[in-house]
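According to full-length UniProt numbering, the residues represented by the sequence shown are 1 to 850, in order.
Hints are computed from structural coordinates only; laboratory data are not their basis. Everything numeric in this text was worked out from a predicted model, so none of it was measured. Worth double-checking, as some hints may not be accurate.
Within a straight-line C-alpha distance of at most 25 Å, the following computed DSS-like cross-link-like pairs (lysine-lysine) qualify [claimed, not checked]: (1) Lys474 with Lys357; (2) Lys315 with Lys357; (3) Lys500 with Lys457; (4) Lys474 with Lys541; (5) Lys163 with Lys471; (6) Lys341 with Lys163; (7) Lys500 with Lys516; (8) Lys518 with Lys474.
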Amino acid sequence: MESNSDVDTSFWNLSTQDAYNKLKASPQGLDDAEVARRLKQYGPNTLKNNANTSMFILFISQFKSPITILLIVAAILSAGLGDISDTVIILCIIILSSFLGFWQEKGAANAVKELLKMVRLKCRVVRSGTSKEIAVEEVVPGDIVTLSAGDIIPGDCLIIDSKELFVDEAAFTGETFPVEKSSGEPLPANTVLSKRSNTLFMGASVISGKATALVMATGKQTEFGKISTNLQSKAPETDFELGIRKFGYLLMEVTLVLVIIIFGVNVFLHKPILDSFLFSLALAVGLTPQLLPAIISVNLSTGAKRMAKLQVIVKRLSSIENIGSMNILCSDKTGTITAGKVNLKDTLDINGNHNDKVLEYAWLNASLQQGFRNPIDEAICLAYKETAPIFTVQSEIPYDFIRKRLTIVVKSKSETFAITKGALNSILSICSQAEVAEGKLTNIADSKASIQAQYEKLSEAGFRTLGVAYKPVKDTAVFGRDDESDMIFLGFITLFDPPKPNVEAIIAKLNTLGVKLKIITGDNALVAKSLALQVGIKDPKIVTGAELQKMTKAALMHQAIHTDIFAEVEPNQKERIIAILKSGGNVVGFMGDGINDAPALHTADVGISVDTAVDVAKEAADIVLLSQDLDVLTNGIIEGRKTFTNTMKYIFMATSANFGNMFSMAGASLFLPFLPLLPKQILLTNLLTDFPEMAIATDRVDDLNIQTPQRWDISFIRKFMVVFGLLSSVFDFLMFGVLLFIFHAKEKEFQTAWFIESVISATLIVLVVRTRLPFFKSLPGKYLSIATAIIVLFVLVLPFTPFAGWFDFVKLPFMLYVWMFLLIATYIVSAEIVKHKFYKVMLKKHRKYR
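Let the hints inform the model, and build the full structure from the sequences given.
Structure follows, in structure tokens:
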């Protein structure tokens, strides 16, 4: 692939025609052959690295553990001293473990890559004179793109044409408020980034208005690409990632202490230094769950695939744990609580009577506007059944979240007038008169009280109510925002969006899962209350945006947790609500699909959007639903908890069994005249005990693990590791006693017997620690059962195979197997009894400190 470094990225100093000439483009767009050539020249429009190199890095990363690297160096050093066979075996085991981890992680990465294709961002381009929708990655320099509210800008562009265009480019300029952009005269070549009014930057988003633009640069040649090293710094650490990191610290502490003590004691006892070093390093590897990254990746990707079947697409794998940990879900009501199908109820004059003129004017405003299409406009257009009058659009001021209204200027043969519709208070603020009957006007001050009373009456009935206003204008006049004044209030548009039939049951289901639903809406408190009562929220606690604005942080923190509905909320207040809820120790999800939802989606622990959302919301989300349905989300929550539970099973298994074995080996090495296990035998033990646990992603999960949010608890893991590790060591030392005092085992017999006992006990203990229930009441999944059986059989057969000599294993007497299985059976039963008492004590402490 050729570099695109030859592209001159200063284009704001060019006229439109010069820009076309520079890129050999035209208003008709590029043809398919030229697009293919440019894709080859410039590469995909992405800032991500090539996938082929990432696979190589993924494989190399399997060897990044300092302990593994030290072990490889020590093994090679051992070979230099003549012990070549042991070195080869050790290196083979390390490579096999690493390859197994690589293969699992590669499969997981590919699975996630395929899932992400389902929610790729798209944009509209003109190619060969035809407008078409393509993936953002396929955009090339020279493409003509058409943009409207909610779109993410796919490359650095020169604006060809625009209308009331406002863009959010805070990532580049730090400017909080939307910036107005327009086509115009070329700017000086030294114009600073924040002053390039004719330029659109990749990664910025359209807040309102529309534009046609010429793509001048893509990928790493964009301004976003140039600063991507800073902008693409690691995403904020999730609760799950923090837990993994703390767990890693715990292992490092335990490992370091054990290795230093064991190495020091062995040297003190005059055992060979190299053997002692290798033994200590092998112990460290044995204590470290080497396949933890692979198993976590497999668990998460398997969970992501299961969630995809339930129409939940995971963009960021670690968010699966967060959706399982979530205890508060904030959501708009439209499409989640309600059916998402807005219907026009009626159009009324200021006295509350049906009025066809209001309907006609509302229809003109909705059908002729060219900005962001929304369900309200579609409902109005669908309800208008009359013969369409012939009007042409003269001017338009698109809707935005500050004005909360949309104005369009239309012209017929006989008249020209402006029509505005929007939030009632916003409409009243620009009106000086009201139409009380056909052609009869009155001062707005005389009608405001009755208009407000009518509005409250309609809202209490559960109808969303908008205002419509108009005024005649001169057909030669240029109509701008300042001209939205002295208008005539015409009447009301009433709309309704009925609750979904099953929403009451779904909200109850969320409550049983320990997730509290909080509705955040821009609708007024009366409409919100009506809806809440319809969906079974009795005596809803409602806080309005105006009340919220007056609250201190402490007051809001106290109120927010008890509030059911936040009504009349401004876009910037959503982010504040979520931040406050998070600061109270909650894991907060936010479900949004609008242009103004992106900040809240970023702030939430779990940002949730839908596939039909605007690009800026979909890009900000961690999870995308293919169906805008809370029932789909509850399924996602359950799958998130299953995935987290299965990951925790591996943590419990690996830490308790490995800690027990390593503690036993450390102790045994103090009084045995030989090493209790050779380094290669320790590594083989670690590999074999990890193998069945790779099937843990498919294991069954108990209902009690799904009923409440799941979170990391390092203190709990530490206690579990110590209690069950020491229990394992007790039976290890009993095994040592049997071997030394009953069978008088020599070195190879001792090592073979303990290898078999430790692998089988560590494999079978999985059946106990994988569940809080008695193991016979919660059977493992099919693949985990098969993998466990294979490993037990393999270990029993190994001493009778030709491979036994490679690992210095010997055949054992039959009675030793009898003693061994007696001890293992007793260990399993004891672990079951200890588990019951352990959870009883932990639950008692948990209740005490709640």
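Hints versus structure:
A distance of roughly 21 Å separates the Cα atoms of Lys474 and Lys357; the hinted pair therefore holds under the 25 Å criterion. With a C-alpha separation of about 48 Å, the suggested pairing of Lys315 with Lys357 is violated against the 25 Å cut-off. A C-alpha spacing of about 24 Å is found between Lys500 and Lys457, which places the hinted pair at or below 25 Å, so the restraint holds. Restraint check for Lys474 and Lys541: the C-alpha separation of about 49 Å exceeds 25 Å, so the hint is violated.
Taken as a hint, the Lys163 and Lys471 pair is honoured in the structure, with Cα atoms around 22 Å apart against an allowance of 25 Å. Only pairs whose Cα atoms come within 25 Å are accepted, and Lys341 paired with Lys163 is rejected, the gap being roughly 29 Å. Restraint check for Lys500 and Lys516: the C-alpha separation of about 18 Å stays at or below 25 Å, so the hint holds. For the hint pairing Lys518 with Lys474, the CA-to-CA distance comes to about 48 Å; that exceeds 25 Å, so the pair is violated.
Comparing the model with each earlier hint shows violations of hints 2, 4, 6 and 8; every other hint is respected.
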